[in-house]
Amino acid sequence: MGTLRAMLTDEEIARLLGGYSRREGVADELFARDGTLRPVWRPLLKAIAEMSAEDLDRATARADQYLRDAGVYFRQYGKAGSAERDWPLSHLPLVLDGQEWAGIETALIERADLLEAMMADIYGEGRLVADGLLPPSMLAANPEWLRPMVGVQPRGGYFLHHVAFDIGRGPDGDWWVMGDRTQAPSGSGFALETRIATNRAFSKIIGQSNVRRLAGFFRHFRDALQGMTTSSSSRVGILTPGPLNDTYFEHAYIARYLGFSLMQGSDLTVQDGKLMVRTVNGLNPVEVLWRRMDSGWIDPLELEEGSRIGTPGMVDALRAGAFTMVNALGSGVLEARAMMAFTPRIADHLTGRPLSMPNIATWWCGDEAAREYAIENLGRMILDDAMSTRLPADQGPSAVVGGTTVQGEPVNPDWVRQNGARLAAQENLSLSTAPALVDGSLEARPMSLRVFLARSIGGWKVMPGGFARIGSLDQGHDVAMQRGGSVADVWVVSDTPDTANDTLLPPSGTAYKRSDLGVLPSTAADNLLWLGRYVERVEFNIRLIRAYHLRLAEMGAGDYPITAFIAEQLSYKGIDVAEPIPAQLTADLAAALRSAGAVRDRFSVDGWNALVDLQRTLADFSLRVTPGDDAARAYSVLLRKIVGFSGLVHENMYRFMGWRFLSLGRAIERGLDTLYLVRACVDDAAPHGTFDLAIEVGDSVMTHRRRYTIETDRRTVIELLLLDDMNPRSVHLQLEALREHAEFLPHLDDDRITPFQVRVVELVTRLASVRAEDVTNRKLDRLIRDAGQLHMLLDANYLH
Amino acid sequence: MLYDIRLAIEYEYEAAADSGRHVLRMMPRTIDGVQRVVAASLDCAPLPAERSDRVDFFGNAVTTIRYDRPLECEAFHMRARVERLAGQTIRFPATPLAALAGEITAHRDIGPDSPQHYLAPSPRVSFAAQVTDWALGIVAGAGDTHEAAWRLCTALHSEMTFDPEVTAVDTPLAEAFAARHGVCQDFTHIMIAALRALGIPAGYVSGFLRTNPPEGQERLEGADAMHAWVRVWCGEAAGWAEFDPTNAMEAGEDHVVVAFGRDYFDVAPIKGNMRTAGGQKSTQQVDMIPQG
Chain W
0 MGTLRAMLTD EEIARLLGGY SRREGVADEL FARDGTLRPV WRPLLKAIAE MSAEDLDRAT
60 ARADQYLRDA GVYFRQYGKA GSAERDWPLS HLPLVLDGQE WAGIETALIE RADLLEAMMA
120 DIYGEGRLVA DGLLPPSMLA ANPEWLRPMV GVQPRGGYFL HHVAFDIGRG PDGDWWVMGD
180 RTQAPSGSGF ALETRIATNR AFSKIIGQSN VRRLAGFFRH FRDALQGMTT SSSSRVGILT
240 PGPLNDTYFE HAYIARYLGF SLMQGSDLTV QDGKLMVRTV NGLNPVEVLW RRMDSGWIDP
300 LELEEGSRIG TPGMVDALRA GAFTMVNALG SGVLEARAMM AFTPRIADHL TGRPLSMPNI
360 ATWWCGDEAA REYAIENLGR MILDDAMSTR LPADQGPSAV VGGTTVQGEP VNPDWVRQNG
420 ARLAAQENLS LSTAPALVDG SLEARPMSLR VFLARSIGGW KVMPGGFARI GSLDQGHDVA
480 MQRGGSVADV WVVSDTPDTA NDTLLPPSGT AYKRSDLGVL PSTAADNLLW LGRYVERVEF
540 NIRLIRAYHL RLAEMGAGDY PITAFIAEQL SYKGIDVAEP IPAQLTADLA AALRSAGAVR
600 DRFSVDGWNA LVDLQRTLAD FSLRVTPGDD AARAYSVLLR KIVGFSGLVH ENMYRFMGWR
660 FLSLGRAIER GLDTLYLVRA CVDDAAPHGT FDLAIEVGDS VMTHRRRYTI ETDRRTVIEL
720 LLLDDMNPRS VHLQLEALRE HAEFLPHLDD DRITPFQVRV VELVTRLASV RAEDVTNRKL
780 DRLIRDAGQL HMLLDANYLH
Chain V
0 MLYDIRLAIE YEYEAAADSG RHVLRMMPRT IDGVQRVVAA SLDCAPLPAE RSDRVDFFGN
60 AVTTIRYDRP LECEAFHMRA RVERLAGQTI RFPATPLAAL AGEITAHRDI GPDSPQHYLA
120 PSPRVSFAAQ VTDWALGIVA GAGDTHEAAW RLCTALHSEM TFDPEVTAVD TPLAEAFAAR
180 HGVCQDFTHI MIAALRALGI PAGYVSGFLR TNPPEGQERL EGADAMHAWV RVWCGEAAGW
240 AEFDPTNAME AGEDHVVVAF GRDYFDVAPI KGNMRTAGGQ KSTQQVDMIP QG
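For the protein sequence lines, the chains are W and V, in the order given.
Quick note: the first sequence uses numbering that gives the first Met the number 0, first residue 0, plus one each step.
Quick note: the second sequence uses numbering that gives the first Met the number 0, first residue 0, plus one each step.
Hints listed in this document are in silico derivations from the structure and should not be mistaken for laboratory results.
Here the structure is a predicted model, which is why all the values come from computation and not from measurement.
Some hints here could point you the wrong way.
[Stated by the list, open to error] Which bits of chain W does chain V cover? Going by a derived footprint, with three or more residues having C-beta under 8 angstroms, they are: (1) 249-262; (2) 311-320; (3) 660-672.
[Unchecked claim] Just a sample of chain W residues kept apart from chain V, beta carbon distances all over 12 angstroms, derived: (4) T35; (5) K45; (6) E99; (7) L133; (8) G215; (9) W296; (10) E303; (11) G365; (12) G378; (13) D413; (14) L428; (15) S455; (16) W459; (17) E578; (18) A767.
[Unchecked claim] Per label pair, the in silico range of CB-to-CB distance: (19) P171(V) x Q98(W): 53 to 61 angstroms; (20) D67(V) x M652(W): 30 to 38 angstroms; (21) D794(W) x Q283(V): 48 to 56 angstroms.
Just so it is clear, CB atoms sit at the ideal spot from N, CA and C, and this is done for glycine as well.
Make the full structure from the sequences, and use the hints.
Laid out in structure tokens, this is it:
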């Protein structure tokens with residue numbers, strides 16, 4: 000280290016690097032082999048060295064704040080189920096020289112072309128097997144080699160459209176491919192968020208550093224996907240397994256960013272050889288599907304029988320050439336690590352020259368000579384499942400590292416011989432270390448890069464940077480995020496500024512095929528409708544519970560008819576007022592979050608955060624709120640927060656179809672809640688004080704005071720909360736809202752108005768033409784019955 | 000022998016079921032030198048909204064249908080006239096067990112009839128230690144693949160009890176083996192697992208058995224419904240042979256093949272479950288009558 004520091008001219012950089020210790024026999028990203036600082040890092044290090052500790056803290060806090068505000072999370076699986084975790088950002092980007100990067104790009108494009116050729120052969124002619132380049136028994140044992148796909152030509156001619164490679168730098172400083180990600184690689188969306196967050200922290204530095212931009216990559220890929228549609232009515236879908244997937248955030252994010260529809264298997268159906276999405280407008284053709292799930296789950300009829308997230312008939316539609324699957328089903332066959340034992344020879348055979356970037360040396364133990372070689376050299380190998388798609392350092396339960404089993408015993412060579420076909424050995428490559436920012440100084444951590452490639456109209460495009468995985472100290476080379484690794488932005492720095500068009504906007508003057516925002520899958524519509532209902536339900540119940548505690552605070556504990564009355568009304572909603580924060584209230588809010596979570600691609604990040612904040616507050620209150628005055632205050636806080644959510648959504652949400660369904664849900668819930676409350680409060684058996692209660696919960700105290708000089712009575716309650724056409728909380732106005740929204744909903748094929756519309760109009764007419772004195776309890780009961788069927792009518796028309 | 004075969008599979012639902020798509024593998028296939036389909040038809044009632052026919056990876060006849068409304072009942076009726084040739088047993092010597100692995104390695108083919116598909120675990124057949132140990136004991140000292148398969152076939156027949164009441168269509172083979180009870184599907188899956196554990200390629204055959212035996216012979220087990228047996232690769236020279244462990248015999252003139260696959264997953268006569276809230280009743284009936 001002494002010599003290292005002596006070579007640095009800049010004292011501040013030296014201080015920053017004071018604790019940076021490289022490992023013997025391992026390459027490093029900061030320092031070249033000769034021990035000199037790689038020049039490309041100097042501006043960043045210098046800028047950071049010049050920052051005070053407080054400035055640096057503020058900078059990293061800005062990045063974290065961005066990720067929290069944007070709601071970036073991934074799902075982590077553990078013994079006790081799964082949970083959403085904040086995105087683990089390693090604040091310091093990895094800096095790579097533009098020239099070195101150009102070499103990486105060339106090599107990986109070459110490899111992507113090779114993999115495409117291998118796919119075409121494996122699912123086509125089978126020459127690689129016939130020519131002895133690929134052992135047939137290994138291919139036959141690969142669970143991702145999907146026999147139903149053999150002989151199916153992909154529409155448009157290409158099997159692979161979006162791939163990633165995990166690469167790492169070996170001890171000699173050269174790059175190695177450690178994993179081919181051809182199934183449905185995730186991370187490109189996270190890379191973009193990681194870039195934005197890092198930019199928040201070091202915006203000044205990035206601005207001065209000629210860092211290549213990422214957006215162009217997405218623009219090219221979006222245009223390529225859009226370009227594969229043949230008619231303006233068909234669309235590009237992003238197929239997600241749903242909110243419980245570990246990278247669902249990314250699916251929703253990418254859909255929002257690129258303007259494509261997020262779809263789940265249950266949204267899709269195959270009819271007459273065509274793939275269709277169920278939308279509120281009926282069935283709509285889908286011509287391009289970018290799948291973010293493994294092939295096996297796609298079609299329960301021909302692939303995994305147990306899949307509940309697939310679409311029966313999807314394979315048939317592919318056979319019929321009805322749509323382009325990105326990537327073709329069965330592309331996961333290339334990910335098995337044993338394949339890497341054969342890729343170099345295949346490259347040689349197909350292209351006549353060796354790979355520009357080698358993959359990590361691999362031996363498939365089903366081959367006798369390879370197996371015996373591996374057994375001889377176990378000391379420098381990792382032996383693991385031949386079909387595993389994990390990185391070499393991410394070991395399975397029967398892995399053997401350096402000849403030692405997971406149980407810590409030397410492996411028996413006969414076990415390797417008996418299980419040869421199921422095992423592959425890979426050289427135990429020591430990955431380079433890269434700096435991570437820890438408590439204001441830099442520490443060396445193992446690093447690997449994930450590089451994304453997308454097939455654009457002009458050929459493969461490489462995302463210039465974006466995604467480095469940084470391991471933690473105690474984990475050797477294991478950089479898996481599921482095990483505590485973190486992710487750093489990657490800056491590819493060139494000598495000249497990046498002049499590429501760096502936004503998603505088309506160059507001026509070109510026409511851009513905009514995807515239609517109006518198409519709303521039925522399940523998304525259903526979730527938005529329920530989100531509207533649940534949020535409104537929570538708000539209404541907060542008002543009612545607050546009214547209870549206000550009276551408790553005013554009158555003290557005791558058996559009063561009015562508090563008993565409120566408690567009874569709440570009990571009909573499953574709420575027990577004896578609990579200061581009733582479990583049912585928490586459950587309803589959780590249901591709202593579940594619905595919102597399923598439509599995050601259509602839903603503002605601020606709105607989502609407001610709901611999450613409300614949930615946290617509710618959880619916090621439930622630990623410490625006491626009945627009476629304390630609770631009444633707490634509910635006022637909750638009320639302000641939930642009204643804030645509604646404001647965010649209804650003021651700021653774009654008025655497309657999704658917003659209509661959200662608003663329909665709100666109006667249906669508010670109308671029904673108000674109807675029930677009014678009916679109970681005007682009942683002959685209701686105790687004294689219920690008219691006031693109705694006006695208070697209906698948020699109409701001021702209005703009442705202004706409009707009537709008299710006390711509340713049955714007539715004023717009915718007039719104000721039921722019939723008034725100016726009170727935003729009256730049932731009449733809810734029905735007016737339903738009528739207006741219904742006009743914007745898709746029409747039936749024959750242009751008749753829907754049964755839902757018929758019912759709404761009929762109810763509006765009923766309320767508009769009646770005087771308060773004539774509204775009998777019987778009429779109220781009939782209103783409740785008829786309005787109670789509105790959701791069902793809507794459901795029958797649009798949500799199936 | 001020429002046969003007329005009828006298969007009827009019917010479902011009744013208490014509440015109308017959302018049925019959607021089905022994939023059907025019910026029609027016999029032609030196999031060069033083994034059997035010839037003279038004529039075959041498959042009727043679905045009610046009439047599906049959509050229907051298509053194709054051949055799958057393994058060369059089996061597949062019919063895909065789609066219904067566009069909920070159904071209270073479904074019926075599939077297959078009729079076929081099939082000629083099954085006599086003398087199915089291998090014409091060339093089976094490969095000695097010790098030489099089999101070398102022949103497999105040298106077999107550079109991944110087409111539907113390649114032994115390569117039939118060595119690794121498949122969706123319904125995984126290795127089970129107790130089956131492997133049992134198989135090693137049974138074949139100890141066997142000279143070639145054909146003899147090993149025959150020993151397993153007869154040993155299974157004598158140790159297992161045919162009992163339709165004990166296992167279901169999704170009973171794991173290890174469970175059926177532990178109980179030594181099961182139907183033809185269990186016999187078949189266990190024998191496949193045993194053969195693969197020994198490194199002998201083995202696959203699943205679905206098909207039909209002659210309903211009434213020739214005079215003086217006993218009625219075979221499994222003739223009332225679709226039957227299952229095992230296909231074994233006996234080496235490069237001998238090729239494939241078929242064994243029926245439920246009846247301790249080589250499949251011959253009394254057997255007609257519908258489909259080949261790695262296990263039941265590849266050949267199930269009907270795929271695509273109906274979603275119904277209430278109960279359901281299903282019946283299956285098979286007649287296979289010699290026409291001379």
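Violated hints - listed by number, lowest first: Hints 1, 3, 7, 10, 11, 21 contradicted; others consistent.
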